[in-house]
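Each chain, letter by letter, is given below.
There are 2 protein chains.
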Amino acid sequence: MNPALPLLLSVMLSKNGTATERCDLPSTLAEEIDGYGPVVRRILSAFDYGPQSGTTYHALAEFADHFGHRQVGSESLEAAIDELVVALRVAGVDRVETEPVETPVWQRGRELAALVEPRHVPLDVLGLGGSVATPPGGITAPVLVVRSFEELERRSTEVNGTIVLYNPEWTGYLPYVPYRTKGPSYAARYGAVAALVRSATPASLYTPHAGMLKYMPGYPKIPAAAVTVEDADMLTRLAKRGSNVVVHLEMSNNHTQGVSRNIVADITGSVFPEQYVIVGAHTDSWDVGQGVVDDAGGVFIGLAAMAQLRRMRLRPRRTLRLVLWTAEENGLHGAAEFVRRHRDEMDAVSLALESDIGTFAPIGLTMSGGDNTTACILRRLLTLTAPIGATRLEPADGRGSDVTKLQELGVPASVLLTRNERYFHYHHTRADTMSAVSSRDLDLCAAFWTAVAYVVADLRDMLPRG
Amino acid sequence: MNPALPLLLSVMLSKNGTATERCDLPSTLAEEIDGYGPVVRRILSAFDYGPQSGTTYHALAEFADHFGHRQVGSESLEAAIDELVVALRVAGVDRVETEPVETPVWQRGRELAALVEPRHVPLDVLGLGGSVATPPGGITAPVLVVRSFEELERRSTEVNGTIVLYNPEWTGYLPYVPYRTKGPSYAARYGAVAALVRSATPASLYTPHAGMLKYMPGYPKIPAAAVTVEDADMLTRLAKRGSNVVVHLEMSNNHTQGVSRNIVADITGSVFPEQYVIVGAHTDSWDVGQGVVDDAGGVFIGLAAMAQLRRMRLRPRRTLRLVLWTAEENGLHGAAEFVRRHRDEMDAVSLALESDIGTFAPIGLTMSGGDNTTACILRRLLTLTAPIGATRLEPADGRGSDVTKLQELGVPASVLLTRNERYFHYHHTRADTMSAVSSRDLDLCAAFWTAVAYVVADLRDMLPRG
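Protein chains in written order, with the working numbering: chain P, 61 to 526; chain B, 61 to 526.
Excised from the complex, chain P in its bound form (with noise of 0.2 Å):
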């Protein structure tokens, strides 16, 4: 998922997903819509404890135990996405092609950090990804530890020399992610030497959690590292009892520029074949774990859709598009690449679906960009999910990543809402593996996800545009 994202409110929904005005779609509309019901029983069956069930949970597997974390620059993520070009092509779309991504390379060399005063304790730390490296032998010095960019501020006389350990309470994702990406250039601004922030997490058993920083023009690049939660907060203790806090932290990062590839696979369109429906979701990933909920399982939901309209020989109206990103992790830029290379068809995007928060049991969908028809027409195509239990629609409220990169353009949006309370338990960690996805709730998503998909691109019209 993307490290910072706007909040998106579609203003036509309220907060718990229903229609501040009311639904009168033209009956003909709502008939037609309601005319999916048979084949979207039809897909959802063949997932729904039918023939495809288990195969898409079995297929992330090999993928993930094969090529594990994909991260940019690294071989895996490129052997990885030859692998996904020849799975496409198996499942028989009609045109797959790859484009190329420019894009930074940031990899994490060796990294060490430790309290040494009051006492010697290993740290477990993960650097934050674009961080510079220490100095060799690394930094030695006094921490400072604030709750709060006020804090911080307050404390300004204090931060010259010191590492900066941000612990903000955790109130959510969206609030956590300045402390990460803009945390290190605040600190350097008054003289800081590194920065450590907690880990984005309501939850961990000593699990540390990468992500991205960003460095502000004007400041110092100092090194910046997250730790554990429980670091972070025996840290505080101490330094509330007013200790001599001491941390030592070594980093050897290597930054360099690189080519990735983004991959886009077509089912063209039988009636408008130059309209489209995207699918998407990214195939980079962290470097630790397995990159399984962020995010091969949104890879792997999209592929089994295509799979799946192919082996049931459905072919929408207008072409459904499979778009798998590269560069998301570092700063969304296969989805910038691909809005460059793509810019003349986005008007002709009927809606793009992004999974990238989880592939747990699908629940429905998030909404942006569209009107209040474009709602009432994703909610009465909802109605056809409800077998499965995915009937709802939320507003963004600042969910999706790449697709945001659409968004800007005007492209309608949804993102797969799923039962992902657990999502920033594994986000970026170690524990990103298939551990934390069940066959079952893959099957349930894949069948969802290759119901709208088809639906959607199959509709006389495209999705009125907000």
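There is no bait here: all hints are sound.
Since the list can't tell identical chains apart, any single copy or any two copies may satisfy a pair.
No more than 25 Å apart at the CA atoms, straight line, and that leaves these computed lysine to any residue pairs for SDA-like:
1) 300 / 110
2) 300 / 230
3) 300 / 498
4) 300 / 150
5) 300 / 122
It is worth saying that the hints were derived from the structure and are not from the lab.
With chain P fixed as given, assemble chain B onto it according to the hints.
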């Protein structure tokens, strides 16, 4: 908690803690217990948002942050024991002594593990306590995955020269433990060169769990380590697919003998100084995390109980004895030495209380070793602690660790029951830190422990034995 316990069932109690015989306590005894209502309310209110609120957490946090984990053989354990002796003197107990305990000492050395075929993936392991080292340079061997001892037997001809991975389905700690304790020897019997075992937990965020093994006489001693649930499952999937799964394991452990100390601290009884109620917990921990849930929390609620009774000038009729055992984790050596040394006093112990399965929100007690009257007395007593929600009396069902050494000599015993559903998430891991406990829960445990210990120690008669 003890690595391997017999299943103890107090037959007079049904599973849900209700008496299978009715309680017909003599009215004088019932009235005697009810008469403690006012003093119990004073105790509870001291901790329950009263003047002692927050103090147990605060003291525990200082201890945990200062000493960290406290493995037998470490300086930190002995320094922690010294500090606890001082704390007990400050609390004003009548007597505090340490008693030497001879114990094996096992020290973890460098540990390194990786999947090397079909691809290279580092594996986070924790060598099992007591494990021999690998030869210098480590062991590299194919992995044989088994789900059960039955599968090991069935596939015994495939074992020779392999690293056996036990990946049993998690159905609870007690059924799991034999894989960790005896698994290495069972595998060695058929020629395995090392053993891996899935970590003992229902929930993992790539979290390895330490624990003891127990080599069985007559079999070669092979090195053994715990792997995370995630890695166990990955290795299992790879093996199922027919991959040649090869792991490299390096461990350099150190085995010696050492001396640690139990702490025995008394508030001398006013009427029956040679009768006892024992309040127990253990000071040692595994060599990861801070050993808070297991078991510094238990130590500090015991300490809080002693201090609170002195603070309230409450001296029970019989002696209240806090016993802080050492060398629990490596095989109950402290408790074994305690009962050897204090054997003559065991008939005079009315009840032994133990806290070693977490200090989450208290809900009641287990009971073993008493008769129906004992159960009725405890149940009546537990009506007095209803204001803090601690009312249950349950059969021991294998709960109890050091205290089992006293049970074996006929001492009635009760274990503190808390809402410890998450206990095994933290158990023997780097995540067993202050972040796993809450100040409020510790207040309630301290209140409950103080009340129960005081009332049982002060009753006119000792509890009947079963």
